[in-house]
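Taking this note's numbering, the leading residue of the sequence shown gets 888, the next gets one more, and so forth.
In short, the hints are calculated from the structure, not lab data.
For each residue, glycine too, the CB sits at the ideal point set by N, CA and C.
Watch out, some of these pointers could steer you wrong.
Quick list of the computed label-pair ranges, beta carbon to beta carbon [stated by the list, open to error]:
1) A894 with D985: 31 to 39 angstroms
2) D924 with Q957: 18 to 26 angstroms
3) A1003 with H926: 27 to 35 angstroms
4) D924 with A1003: 29 to 37 angstroms
5) G941 with T961: 40 to 48 angstroms
6) D977 with D939: 13 to 21 angstroms
DMTMM-like mimics (lysine to aspartate or glutamate), calculated; alpha carbons at most 25 angstroms apart, straight line [what the hints assert, rightly or not]:
7) K921 with D982
8) K921 with D955
9) K921 with E909
10) K921 with D939
11) K921 with D902
12) K921 with D977
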Amino acid sequence: MTDSPWAALTSVERDLMLCASEAWGILAYATSGKDEDGHTVDLPHIVISLVDRGWVHVHRLEHWTAPDGQAGATYGPPIPRAEIPEVLQDPAVWDDPDDPGWIGAVTLSATETWRALNQQQNHAAG
């Protein structure tokens, strides 16, 4: 049986992957920023590691208007890999945004690679 891709993740990686797997998992609420032993971790480094493994994209939330005129938010395009370290160094990224609509907040989305890993594990377990 194949091990779950979740099994090899640290607690912080697991929190971030939950954020990426949930609709509107805002990065500000993704993790405490502490490892299993309560030590502060380098969150930007961990997010970039997940990006480099091909498991997540980093996005900012943007304004969106539905066809019926209702305002909302949607994922902006993935932030290019080269820009992610600078974006994640901004302490405001890891804080509750001032905008109640979350516009400009940073979030993660799971990639097809991550979804395929989960699907393979689910089929192996089933």
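Tested hints:
Under the hint 31 to 39 angstroms, the C-beta atoms of A894 and D985, about 38 angstroms apart, fit the expected range. Evaluation of the 18 to 26 angstroms hint for D924 and Q957 yields a failure: the beta carbon distance comes to about 46 angstroms. At roughly 32 angstroms, the beta-carbon separation of A1003 and H926 lies within the given 27 to 35 angstroms, and the hint holds. At about 32 angstroms, the CB distance of D924 to A1003 agrees with the hint of 29 to 37 angstroms.
In this structure the hint that G941 and T961 lie 40 to 48 angstroms apart at CB is violated, the actual value being about 23 angstroms. The given range of 13 to 21 angstroms is respected by D977 and D939, whose C-beta atoms sit roughly 20 angstroms from each other. Proximity of K921 to D982 is assessed by CA-CA distance (about 15 angstroms); at most 25 angstroms being required, the pair is judged to hold. Among the hinted pairs, K921 with D955 is inconsistent with the structure: their alpha-carbon atoms are about 43 angstroms apart, more than 25 angstroms.
With a CA separation close to 21 angstroms, the supplied pair K921 and E909 stays within the 25 angstroms bound. For the proposed pair K921 and D939, the alpha carbon gap of about 21 angstroms is at most 25 angstroms, so the pair holds. As the CA atoms of K921 and D902 are separated by approximately 11 angstroms, the hinted pair is consistent with the 25 angstroms bound. Between K921 and D977 the CA atoms are separated by roughly 18 angstroms; this keeps the pair inside 25 angstroms, and the hint holds.
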